[in-house]
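Protein chains: 6
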Amino acid sequence: MVEFESDAMRRFPVPEYDELPSDLRERIDEETERAGFTPNVFAGFAYKPSHFRAFFDYHDALVEDTALDREEVEMIIVAVSGVNHCYYCNVAHGALARIYAEDPTLADQLVANYRTADVSDERLVMLDVAVKLTERPTEVSEADFEHLREAGYSEEAIWDIGAVTAFFNLSNRMAMFADMRPNDEFHTLGREPRE
Amino acid sequence: MVEFESDAMRRFPVPEYDELPSDLRERIDEETERAGFTPNVFAGFAYKPSHFRAFFDYHDALVEDTALDREEVEMIIVAVSGVNHCYYCNVAHGALARIYAEDPTLADQLVANYRTADVSDERLVMLDVAVKLTERPTEVSEADFEHLREAGYSEEAIWDIGAVTAFFNLSNRMAMFADMRPNDEFHTLGREPRE
Amino acid sequence: MVEFESDAMRRFPVPEYDELPSDLRERIDEETERAGFTPNVFAGFAYKPSHFRAFFDYHDALVEDTALDREEVEMIIVAVSGVNHCYYCNVAHGALARIYAEDPTLADQLVANYRTADVSDERLVMLDVAVKLTERPTEVSEADFEHLREAGYSEEAIWDIGAVTAFFNLSNRMAMFADMRPNDEFHTLGREPRE
Amino acid sequence: MVEFESDAMRRFPVPEYDELPSDLRERIDEETERAGFTPNVFAGFAYKPSHFRAFFDYHDALVEDTALDREEVEMIIVAVSGVNHCYYCNVAHGALARIYAEDPTLADQLVANYRTADVSDERLVMLDVAVKLTERPTEVSEADFEHLREAGYSEEAIWDIGAVTAFFNLSNRMAMFADMRPNDEFHTLGREPRE
Amino acid sequence: MVEFESDAMRRFPVPEYDELPSDLRERIDEETERAGFTPNVFAGFAYKPSHFRAFFDYHDALVEDTALDREEVEMIIVAVSGVNHCYYCNVAHGALARIYAEDPTLADQLVANYRTADVSDERLVMLDVAVKLTERPTEVSEADFEHLREAGYSEEAIWDIGAVTAFFNLSNRMAMFADMRPNDEFHTLGREPRE
Amino acid sequence: MVEFESDAMRRFPVPEYDELPSDLRERIDEETERAGFTPNVFAGFAYKPSHFRAFFDYHDALVEDTALDREEVEMIIVAVSGVNHCYYCNVAHGALARIYAEDPTLADQLVANYRTADVSDERLVMLDVAVKLTERPTEVSEADFEHLREAGYSEEAIWDIGAVTAFFNLSNRMAMFADMRPNDEFHTLGREPRE
Chain A
1 MVEFESDAMR RFPVPEYDEL PSDLRERIDE ETERAGFTPN VFAGFAYKPS
51 HFRAFFDYHD ALVEDTALDR EEVEMIIVAV SGVNHCYYCN VAHGALARIY
101 AEDPTLADQL VANYRTADVS DERLVMLDVA VKLTERPTEV SEADFEHLRE
151 AGYSEEAIWD IGAVTAFFNL SNRMAMFADM RPNDEFHTLG REPRE
Chain B
1 MVEFESDAMR RFPVPEYDEL PSDLRERIDE ETERAGFTPN VFAGFAYKPS
51 HFRAFFDYHD ALVEDTALDR EEVEMIIVAV SGVNHCYYCN VAHGALARIY
101 AEDPTLADQL VANYRTADVS DERLVMLDVA VKLTERPTEV SEADFEHLRE
151 AGYSEEAIWD IGAVTAFFNL SNRMAMFADM RPNDEFHTLG REPRE
Chain C
1 MVEFESDAMR RFPVPEYDEL PSDLRERIDE ETERAGFTPN VFAGFAYKPS
51 HFRAFFDYHD ALVEDTALDR EEVEMIIVAV SGVNHCYYCN VAHGALARIY
101 AEDPTLADQL VANYRTADVS DERLVMLDVA VKLTERPTEV SEADFEHLRE
151 AGYSEEAIWD IGAVTAFFNL SNRMAMFADM RPNDEFHTLG REPRE
Chain D
1 MVEFESDAMR RFPVPEYDEL PSDLRERIDE ETERAGFTPN VFAGFAYKPS
51 HFRAFFDYHD ALVEDTALDR EEVEMIIVAV SGVNHCYYCN VAHGALARIY
101 AEDPTLADQL VANYRTADVS DERLVMLDVA VKLTERPTEV SEADFEHLRE
151 AGYSEEAIWD IGAVTAFFNL SNRMAMFADM RPNDEFHTLG REPRE
Chain E
1 MVEFESDAMR RFPVPEYDEL PSDLRERIDE ETERAGFTPN VFAGFAYKPS
51 HFRAFFDYHD ALVEDTALDR EEVEMIIVAV SGVNHCYYCN VAHGALARIY
101 AEDPTLADQL VANYRTADVS DERLVMLDVA VKLTERPTEV SEADFEHLRE
151 AGYSEEAIWD IGAVTAFFNL SNRMAMFADM RPNDEFHTLG REPRE
Chain F
1 MVEFESDAMR RFPVPEYDEL PSDLRERIDE ETERAGFTPN VFAGFAYKPS
51 HFRAFFDYHD ALVEDTALDR EEVEMIIVAV SGVNHCYYCN VAHGALARIY
101 AEDPTLADQL VANYRTADVS DERLVMLDVA VKLTERPTEV SEADFEHLRE
151 AGYSEEAIWD IGAVTAFFNL SNRMAMFADM RPNDEFHTLG REPRE
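Protein chains in written order, with UniProt numbering: chain A, 1 to 195; chain B, 1 to 195; chain C, 1 to 195; chain D, 1 to 195; chain E, 1 to 195; chain F, 1 to 195.
It should be emphasised that the hints constitute simulated quantities derived from the structure, not laboratory data. Hints may be right or wrong, so weigh each one.
[As the list claims (entries may be wrong)] Simulated restraints, written as ranges between beta carbons of each label pair:
(1) R136/A - E150/E: 33 to 41 Å
(2) E102/C - D29/D: 45 to 53 Å
(3) D69/D - R10/A: 46 to 54 Å
[Claimed, not checked] Here are some of the chain F residues that sit facing chain E, going by a computed Cβ distance under 7 Å:
(4) S50
(5) H51
(6) D57
(7) D65
(8) P137
(9) T138
(10) A163
(11) A166
(12) F167
(13) L170
(14) R173
(15) M174
(16) M176
[To be verified] To spell it out: a stretch of chain A is covered by chain B in this simulated footprint if at least three of its residues, at any positions, have a beta carbon under 8 Å from a beta carbon of chain B; those stretches are:
(17) 50-57
(18) 133-141
(19) 164-177
Being a predicted model, the structure only gives us computed values, none of them experimental. All C-beta atoms, glycine included, are put in the ideal place defined by N, C-alpha and C.
Generate coordinates for the entire structure from the input sequences, incorporating the hints supplied.
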């Protein structure tokens with residue numbers, strides 16, 4: 001039985017799970033089963049059901065219909081959240097980055113400075129463009145696209161790099177605006193050393 | 001019969017309308033009828049149908065289920081796009097801001113510097129927060145929420161201010177990444193003087 | 001018979017045309033005849049006649065004794081005003097850029113992000129340097145001069161690029177400081193589609 | 001007999017004094033007599049006589065027809081040049097600030113950080129606004145005008161504060177663009193200790 | 001028996017422990033005993049023994065002769081390292097912050113955005129000043145000192161806040177310059193939940 | 001007999017020389033003899049003897065055990081202090097830069113914009129890296145190290161460039177935090193023209 005953490009978000013009231021429309025409860029149950037706990041972003045967006053649906057549908061499209069590896073998606077998210085200084089996304093997606101990349105230190109590298117991350121040269125180009133689109137979008141140019149193509153990214157993968165980056169510029173701002181707080185679980189998930 | 005402008009977007013190929021899934025064509029037809037032309041953002045997002053659906057569903061939720069006036073929504077969009085320097089959104093939503101606010105010069109004010117805009121003091125507070133959340137999201141604080149409440153915005157309206165701002169931080173970046181180009185019509189719509 | 005708009009400038013009192021020194025009235029009459037209306041910047045600078053003379057003499061030198069095309073001058077002005085976020089200059093010189101370049105959408109491109117403007121590669125180099133001199137003047141280097149020469153600009157043209165840029169860093173700040181407001185006419189001038 | 005320093009400016013050829021129009025030579029002679037040497041900015045602007053005339057006429061209007069003390073004018077110039085990082089103006093106007101304020105250390109304070117300068121609270125308000133108009137002109141607001149009025153500045157003096165600031169945003173950029181070099185004399189003028 | 005990690009630092013060769021002067025080995029042994037492993041910063045600074053001595057003596061003075069609580073010192077360090085984006089210090093001092101404050105989530109809050117940290121109002125004022133001194137040192141003013149005094153900090157404690165902040169602006173830059181890498185242990189230390 | 005200037009530092013009380021521990025007085029006497037006056041930074045750090053020792057030991061290690069020329073050390077310091085806008089260090093180390101480089105105008109160039117300084121191409125590369133490490137430390141990369149090696153700097157010299165830069169990021173912040181004021185002597189030292 002799902003119960004939202006009362007501290008899931010600090011600037012808006014956290015709704016009651018029981019009073020949510022059934023489609024929201026269904027989506028929440030599914031995530032809770034998968035993760036073993038209910039990530040606080042679900043409690044946060046449940047404040048406004050129409051936005052909950054739109055947000056998670058977009059999110060799901062980005063991770064389900066993509067030319068990128070899931071670990072690439074999470075790398076982009078953490079690098080973007082790091083430069084935007086989003087506490088919720090650093091921690092929640094930091095956990096996912098550790099799990100999908102099977103690398104217990106990767107997330108702390110990406111949060112601090114993606115240039116220090118132990119990733120391939122190809123993925124470094126990907127992160128260069130994601131961070132540029134985040135911080136200085138006016139300067140994204142044809143040369144960046146050329147670098148991505150040279151690194152082996154397909155046209156669709158390049159679209160997806162832009163799309164994940166753009167979406168987490170939304171996501172970071174919603175989490176920061178509402179002051180969403182990551183569940184304690186996220187801080188430690190995926191930190192066990194590689195064998 | 002809809003035909004996409006070949007120059008709708010420069011960094012990805014513009015798809016053929018005829019080859020799109022029927023739900024996309026339906027949404028595009030509806031918009032084309034309403035506007036009298038097909039805004040290029042529809043041609044752009046049609047590159048990837050799953051993202052098209054997610055993007056416009058989110059957009060529609062923001063303008064249909066909101067505690068803000070439609071002109072407030074468009075004011076936020078143009079102020080945010082102005083500081084992000086997004087050509088497509090400045091021009092396309094500039095037109096909508098002129099139309100909904102029935103003010104032929106408002107959009108040029110908002111694009112340049114929202115502080116020069118002829119809007120009420122209450123709406124200036126709204127724009128202050130939207131631009132802060134765009135440019136310096138780490139600094140959004142309880143004091144900003146207090147200012148919004150004092151200006152008369154309800155709790156839900158405050159959520160919506162954050163949500164529109166966040167969404168157009170996505171939107172601006174997708175338009176800039178793909179180099180979407182506004183239709184010629186948007187440059188002149190709503191510029192006829194008030195009577 | 002000239003009459004100044006009472007809303008020409010908001011932070012200083014707009015003077016009476018009739019009470020101005022005759023040389024100012026002459027310059028204003030001349031402009032009014034040419035344009036069909038009196039641009040508000042004339043009303044603004046008339047606050048202090050000695051500055052009016054200095055400002056318009058400098059302006060006139062820049063457009064009359066120049067190795068640049070007039071449309072290049074206006075392109076620089078709008079690109080510079082765009083990054084400085086000057087409402088008056090974006091709109092008033094946006095109109096001039098549209099007229100001289102015979103391009104109804106150019107100004108909106110330059111205001112948003114000059115990198116999206118439909119201009120030749122040579123003029124893009126010119127705008128690169130103008131915007132760099134505006135935003136990061138310490139970084140202007142010999143390499144920028146080399147790029148300008150390779151793009152075909154003569155030594156005198158390069159001086160003029162610097163001079164127009166510098167002057168509109170003055171102009172933008174005076175307009176923003178005094179809160180000058182563009183005449184309604186400027187918003188629509190030159191927007192009719194090319195044939 | 002005037003002779004220009006060959007190193008007066010590095011990015012454009014320094015003209016021959018003898019070949020200049022007589023009105024330029026007259027203005028240069030006058031300055032040379034007053035200062036005891038020819039400031040390099042005269043050699044620099046002589047590259048283009050029409051700009052020379054416009055530049056010095058504007059400059060002269062600012063220092064001759066003003067509601068500010070001359071030392072206030074020079075304080076603004078050095079504070080503005082300090083944040084713009086202009087070598088020529090820091091040094092040449094630093095000398096003038098020392099001389100007019102009769103203070104051998106003032107200029108080094110203003111170049112580094114005007115907030116450390118030994119000036120009255122009133123003049124600190126003046127410098128606050130000058131530096132804000134230089135660095136963040138979009139944010140200049142009615143509150144800044146209120147602060148200036150409370151500090152005792154008249155309406156015309158406030159206009160002049162804006163005008164001097166704006167002009168040196170031009171001046172700094174011309175000097176930096178052309179790489180003008182201050183005469184050796186400026187580095188030491190006015191450094192003798194107060195009695 | 002101490003052995004340095006070969007990956008302790010990437011831009012300079014990691015020295016051999018055995019070949020270090022005895023006073024360095026002594027300091028390293030002491031730390032190794034205390035921590036249970038040798039923090040990589042010791043391996044890094046051992047590259048140049050005279051700098052090793054100076055660095056750790058300064059560090060030790062800051063934590064041994066201080067009017068601040070040790071947890072306050074570590075809070076400042078992590079907040080400063082977060083805005084400077086220093087991977088090594090985020091992680092190594094993040095561990096210390098968790099341990100001294102007995103709070104498993106504090107460090108991730110401070111790294112992301114100190115304003116989200118669960119700290120007292122008094123400590124928030126302390127962090128405000130530390131981050132301001134890091135990012136915008138010209139703007140530190142008497143008002144900041146007043147806020148610190150009102151928050152109950154003694155004159156010496158205020159000096160120490162400045163001193164820790166200043167030292168970690170050195171420390172962050174040395175770690176980033178040399179590309180020092182935190183030991184794996186630091187990533188997980190102090191993450192066990194409070195009882 | 002040493003006496004501290006009462007205006008050596010404005011935000012903390014200047015201690016009495018006579019009441020200082022003897023090792024501090026010894027270090028101060030030595031400097032006073034060498035310089036002919038007591039630099040105010042000694043009066044400032046004497047506020048807290050443990051920090052005085054740590055600060056000057058670190059400083060002395062940097063200038064005594066170094067692969068750089070002393071004039072290179074002072075060039076870095078003034079370039080770094082210039083971008084950090086530190087009044088004390090601009091002036092005090094500006095004097096040292098003039099003296100060690102035997103160049104009366106060098107310091108004013110470095111304070112304004114190191115790119116205008118009359119230094120060799122090799123030293124310009126050194127200053128490029130020092131300023132980048134100061135302003136944008138996340139962006140320092142292997143390419144910067146390559147440029148330094150190509151300019152002839154040894155591995156140890158490169159470490160020293162990083163170390164001096166890092167230390168003066170501490171130093172600048174302590175001087176700015178405490179509002180230390182340079183002695184009058186520093187403003188004029190080394191300004192006599194070269195023969």
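For each hint, the structure was consulted:
Range check, R136/A to E150/E: about 39 Å between beta-carbon atoms, so the 33 to 41 Å window is met. Distance hint for E102/C and D29/D: a CB-CB separation of about 47 Å, consistent with the stated range 45 to 53 Å. Take D69/D and R10/A: their Cβ atoms lie about 52 Å apart, and the range 46 to 54 Å holds. At its closest, the beta carbon of S50/F sits 4 Å from a beta carbon of chain E; the interface hint therefore holds under the 7 Å criterion.
Because the smallest distance between the Cβ of H51/F and any Cβ of chain E comes to about 6 Å, under 7 Å, the interface hint for this residue holds. Here the hint on D57/F is kept, as its CB sits about 5 Å from the closest CB of chain E, short of 7 Å. Interface hint status for D65/F: upheld, as the beta-carbon distance to the closest one in chain E is roughly 4 Å, under 7 Å. Annotation: P137/F was flagged as interfacial toward chain E, and the flag holds, the nearest CB pair being 5 Å apart, inside 7 Å.
For T138/F, the interface hint holds, the least distance from its beta-carbon to any beta-carbon of chain E being 5 Å, beneath 7 Å. Nearest Cβ of chain E to the Cβ of A163/F: about 6 Å, under the 7 Å cut. The hint holds. Interface hint at A166/F: satisfied, since its Cβ lies 4 Å from the closest Cβ of chain E, which is below the 7 Å cut-off. About 6 Å separates the beta-carbon of F167/F from the nearest beta-carbon of chain E, less than 7 Å, and the hint is met.
Given hint, L170/F at the interface with chain E, holds; its Cβ is 4 Å from that chain's nearest Cβ, closer than 7 Å. A cut of 7 Å between beta carbons decides the hint on R173/F: the least distance to chain E is about 4 Å, and the hint holds. The criterion of a C-beta within 7 Å of any C-beta in chain E is met by M174/F, whose closest approach is roughly 5 Å, and the hint holds. At about 5 Å, the closest approach between the beta carbon of M176/F and any beta carbon in chain E falls short of 7 Å, and the interface hint on this residue holds.
With 6 residues bearing a CB less than 8 Å from a CB of chain B, the stretch 50-57 of chain A meets the requirement of three and the coverage assertion stands. Coverage of the stretch 133-141 of chain A by chain B holds [criterion: at least 3 residues with CB-CB distance below 8 Å; count 5]. A count of 11 residues in the stretch 164-177 of chain A with a Cβ less than 8 Å from any Cβ of chain B is obtained; the coverage claim is therefore met, three being the minimum.
Comparing the model with each numbered hint stated earlier shows that all of them hold.
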